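A.B. asks: The opening position of the sequence shown corresponds to residue 1 in the working numbering, with each subsequent residue numbered one higher.
If you are wondering where the hints come from, they were derived from the structure by calculation, not from laboratory data.
Check each hint, because a few of them may be wrong.
As the list claims (entries may be wrong) - Only pairs whose alpha carbons sit at most 20 Å apart, straight line, appear in this in silico SDA-like list of lysine to any residue: (1) K5 with E28; (2) K5 with A69; (3) K4 with G30; (4) K5 with G42; (5) K5 with D59; (6) K4 with V39; (7) K4 with E33; (8) K5 with E33; (9) K4 with R36; (10) K4 with Y107; (11) K5 with E58; (12) K4 with S41; (13) K4 with R38; (14) K5 with R38; (15) K5 with R36; (16) K5 with Q26.
The model shown is predicted, which means the values in this text are computed figures rather than measured ones.
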Amino acid sequence: MVWKKHRAHREGECHVNLNGEGIIAQFEMGIVETGRQRVYSGNYVKVIGPDGEEWLGEDASSMRDALRALDEDIGRDGGRLLCAGLVDGFYESGLSVDTGYGYIDGYPRAVHMMERPRLPALNEAAAPASTATDAAEVLASRQERLRSKF
1 MVWKKHRAHR EGECHVNLNG EGIIAQFEMG IVETGRQRVY SGNYVKVIGP DGEEWLGEDA
61 SSMRDALRAL DEDIGRDGGR LLCAGLVDGF YESGLSVDTG YGYIDGYPRA VHMMERPRLP
121 ALNEAAAPAS TATDAAEVLA SRQERLRSKF
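Build the full structure now, drawing on both the sequences and the hints.
C.D. replies: In structure tokens:
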């Protein structure tokens with residue numbers, strides 16, 4: 001009889017760079033239960049690739065550490081998980097810890113650790129705009145970049 005069981009709390013799509021190729025994979029995350037009474041034993045994050053390959057990260061105390069373990073598992077196959085939870089500056093608040101949600105310095109909203117953040121939004125959000133003059137300069141700079149693209 002198997003005493004270890006994964007109970008998923010969230011499922012969805014995620015992005016993986018596998019040997020230089022970007023793929024969209026499925027993920028599930030939740031808690032690990034053990035024993036007949038299903039006692040909490042830790043957290044897990046699992047990714048299932050389009051060809052059925054599976055990678056798993058588990059940790060006894062932290063969802064983020066399970067995410068890091070998952071990234072290491074994918075790395076053994078030449079890949080990298082592309083998600084907010086692995087971005088420098090991602091952090092969880094006391095209320096969001098182990099929920100999968102957190103924040104990135106300079107990002108305008110809370111993000112789920114498995115979502116792929118829009119990095120240009122990070123760069124623009126980090127632009128200084130503490131005064132009305134600074135805000136006008138930032139806006140003019142953004143408008144000029146848009147004009148140059150089209």
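A.B. asks: It remains to establish, for every hint, whether it holds in the given structure.
C.D. replies: Hint check results:
| no. | hint | result |
| --- | --- | --- |
| 1 | K5 with E28 | 13 Å, holds |
| 2 | K5 with A69 | 18 Å, holds |
| 3 | K4 with G30 | 13 Å, holds |
| 4 | K5 with G42 | 11 Å, holds |
| 5 | K5 with D59 | 14 Å, holds |
| 6 | K4 with V39 | 9 Å, holds |
| 7 | K4 with E33 | 6 Å, holds |
| 8 | K5 with E33 | 5 Å, holds |
| 9 | K4 with R36 | 9 Å, holds |
| 10 | K4 with Y107 | 37 Å, violated |
| 11 | K5 with E58 | 12 Å, holds |
| 12 | K4 with S41 | 9 Å, holds |
| 13 | K4 with R38 | 8 Å, holds |
| 14 | K5 with R38 | 8 Å, holds |
| 15 | K5 with R36 | 10 Å, holds |
| 16 | K5 with Q26 | 19 Å, holds |
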